[in-house]
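**Q** Residues per chain, in single letters:
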Amino acid sequence: MASRLVVEGVEAGYGAVRVLHGVSMEVREGETVALLGTNGNGKSTLIKCIMGIVTPQAGAIYLEVDGARIDLVRKPTEAIVSLGIALVPEGRRLFPKLTVEENLLLGAFRREARAAIDANLAFCFECFPVLLGRRRQLAGSMSGGEQQMLALARALMSSPRMLLVDEPSVGLAPILVSRVIAKIKELKEQRHLTVLMAEQNFNQATKIADRGYIIVHGKIEFEGRSAQELRENELVKKYYLGV
Amino acid sequence: MRTGPALVVGAAVVLAGVALAGLHVNAYVYFAGYVILQYVVIATAWNILGGYAGYVNFGTPAFFALGAYTAVFLIRSLQAPLPVLIVAGGLVAALLGLGIGYLTLRLRGTFFSIATLALAVVLQTMIINWEYVGGSRGISVLRPSGPPFGSYVTFLFTVMVGLAVVAVMVARFIERSWIGRGLAALRDNEEAAECMGVPTLRLKLFATTVSGFLLGVAGAPFPYYVTFVEPNSAFAIDYAVNALAMPMIGGTTSWIGPVIGAVLLGTAQQLATVTISSELNLFIVGVVLVAFVVLAPEGILGLVRRWRGR
Chain A
2 MASRLVVEGV EAGYGAVRVL HGVSMEVREG ETVALLGTNG NGKSTLIKCI
52 MGIVTPQAGA IYLEVDGARI DLVRKPTEAI VSLGIALVPE GRRLFPKLTV
102 EENLLLGAFR REARAAIDAN LAFCFECFPV LLGRRRQLAG SMSGGEQQML
152 ALARALMSSP RMLLVDEPSV GLAPILVSRV IAKIKELKEQ RHLTVLMAEQ
202 NFNQATKIAD RGYIIVHGKI EFEGRSAQEL RENELVKKYY LGV
Chain B
691 MRTGPALVVG AAVVLAGVAL AGLHVNAYVY FAGYVILQYV VIATAWNILG
741 GYAGYVNFGT PAFFALGAYT AVFLIRSLQA PLPVLIVAGG LVAALLGLGI
791 GYLTLRLRGT FFSIATLALA VVLQTMIINW EYVGGSRGIS VLRPSGPPFG
841 SYVTFLFTVM VGLAVVAVMV ARFIERSWIG RGLAALRDNE EAAECMGVPT
891 LRLKLFATTV SGFLLGVAGA PFPYYVTFVE PNSAFAIDYA VNALAMPMIG
941 GTTSWIGPVI GAVLLGTAQQ LATVTISSEL NLFIVGVVLV AFVVLAPEGI
991 LGLVRRWRGR
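Note that the protein sequences, when read in sequence, are chains A and B. Counting the first sequence from 1 gives a position; the working numbering is that position plus 1. Counting the second sequence from 1 gives a position; the working numbering is that position plus 690.
The set of hints was computed from the structure by calculation and includes no laboratory data. Think of the CB as a built atom: it goes at the ideal place given N, C-alpha and C, for glycine as much as any other residue. Careful, some of the hints might be misleading.
Computed footprint of chain B on chain A; a stretch qualifies when at least three of its residues, placed anywhere within it, have a C-beta under 8 angstroms from a C-beta of chain B [said to hold, decoys possible]: (1) 77-85; (2) 89-96; (3) 99-113.
Using C-beta positions, here's what the derived DEER-type ranges look like [what the hints assert, rightly or not]: (4) V983/B x H218/A: 40 to 50 angstroms; (5) R232/A x S867/B: 42 to 52 angstroms; (6) I71/A x W997/B: 17 to 27 angstroms; (7) I804/B x A61/A: 31 to 41 angstroms; (8) I966/B x G134/A: 46 to 56 angstroms; (9) A61/A x V812/B: 42 to 52 angstroms; (10) V812/B x T100/A: 33 to 43 angstroms; (11) E30/A x S867/B: 27 to 37 angstroms; (12) R75/A x E881/B: 18 to 28 angstroms; (13) F863/B x A61/A: 35 to 45 angstroms; (14) E881/B x I71/A: 48 to 58 angstroms.
Bound conformation, chain A alone (with noise of 0.2 angstroms):
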């Protein structure tokens, strides 16, 4: 089943304020894709636009399968979740006073999700063993690194097609920013997932990305075809850089 998300013109924003300007992407099946930017460019709020947290003033987005078009505006994020795109969202946001397996059994809360869960439980416990040792512990009491496996495990538990991660690096250790990216592009490889990846670290998302787009004060500046042209752009030295 040949599918793809596709994002045109979208405008969006927080009241009076205006943060995506007309932004235009598309992620097809299978590939890892980047979207690059600093803090405040707004990365997340295309993520939510996609999974209907925010609802754009314009523009469309909608997932492409096998020809059919879906539309995903105003669909509210139980309905997108149900079309098989799962979140791992910025900050982790998890249950902190829930156990870990109460976390992740409420990565399958939609019905269809419910038939496999044992599979998928199963599937998280042997993929991130660390989980299975604290499945009884609070979510909250756990590191952040081990929370961030956990923010991926319970994303998985919806059995996705899609995987949406936003920014899997803030407030870890580089050590552990380098084992969450692997660990993303082996799930990726391990359940055939498309991959959108938001990170404003340039270095590590493109260690994984097949091609990506850096986005500046809500506009798509730049489209990479690869990895290689996403690293050897000139923005990236002006935004990162400083040069």
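Dock chain B against the given chain A, drawing on the hints supplied.
**A** Okay, now just chain B, sitting in the frame of chain A:
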């Protein structure tokens, strides 16, 4: 305990209630027992929204009184029988719950609580100005002659036993279902719940509606119990305070918590009413609540868990 055995226990409680009603002990026992059981229903109903979903409702008197005044209206206009009063009282209060749910969707935490506080005031003002149900002077309600068995108070006591069992069963079912899991997510981190595709809006409406229904059910037999209904007693602040204090003292995360809290606190209040004065009731609640908030914020259930070393 699975659902089968739980039903047996529930039935046993109802039978025990009937047996107690047949014993003809001192009439005061039934009088006091009714109030305590009424608080089991109220605390359990409050906890579905306040404990499971984490939305603290200060408007309990509004729902309770709405159940009671729906009954008054139906008694006056149609002489409706008690089962009809209970169902109707519940439905009208459920409707209020649903409406409040819709109106306060965007309000979180403290702001929701403030809105519910205003609700009781608004509703009380409306009742005060509605002469048909007694207005501010109140209204006398004649009990139907010839209860199915025993005296009317023992009959009402038995009815309340049944209602308490039903309320607890409903709460227990919700707690163990996916609804309960979703409500727990809502309580812990509403934003995260939304991100995970938990239908937070529908769950909140469900919780406000079911909680409202059970609070209305608790209030519906009230007119026959007191035989004289006036706004100050139907909208008493005691309901708001007790509804919140009882689950907090027992423990809000499980169905048994509100039951423990209601039985302990309800009994203490009834004893104080006979031995000292009913004026002490709210004072007792206040002291106990402060003690629990400081020493055992997770209630008696939390203490038990800690003691077991879990």
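**Q** With reference to the structure, classify each hint as holding or not holding.
**A** These are the hints, each one checked on the structure:
1. 77-85: Since three or more residues must qualify, the claim that chain B covers the stretch 77-85 of chain A holds, with 6 doing so at under 8 angstroms.
2. 89-96: Held - the stretch 89-96 of chain A has 4 residues with a Cβ nearer than 8 angstroms to chain B, which meets the minimum of three.
3. 99-113: Our answer is that it holds, as 7 residues pass the Cβ test (under 8 angstroms) against chain B, meeting three.
4. V983/B x H218/A: 40 to 50 angstroms: Distance hint for V983/B, H218/A holds at roughly 48 angstroms.
5. R232/A x S867/B: 42 to 52 angstroms: The hinted range 42 to 52 angstroms holds for R232/A and S867/B, with Cβ atoms some 50 angstroms apart.
6. I71/A x W997/B: 17 to 27 angstroms: violated (54 angstroms)
7. I804/B x A61/A: 31 to 41 angstroms: holds (40 angstroms)
8. I966/B x G134/A: 46 to 56 angstroms: holds (55 angstroms)
9. A61/A x V812/B: 42 to 52 angstroms: holds (44 angstroms)
10. V812/B x T100/A: 33 to 43 angstroms: holds (41 angstroms)
11. E30/A x S867/B: 27 to 37 angstroms: For S867/B against E30/A, whose Cβ atoms are near 36 angstroms apart, the range 27 to 37 angstroms holds.
12. R75/A x E881/B: 18 to 28 angstroms: holds (20 angstroms)
13. F863/B x A61/A: 35 to 45 angstroms: Hint holds: Cβ distance 43 angstroms, inside 35 to 45 angstroms.
14. E881/B x I71/A: 48 to 58 angstroms: violated (25 angstroms)
Violated hints, in rising order: 6, 14; the structure is consistent with all others.
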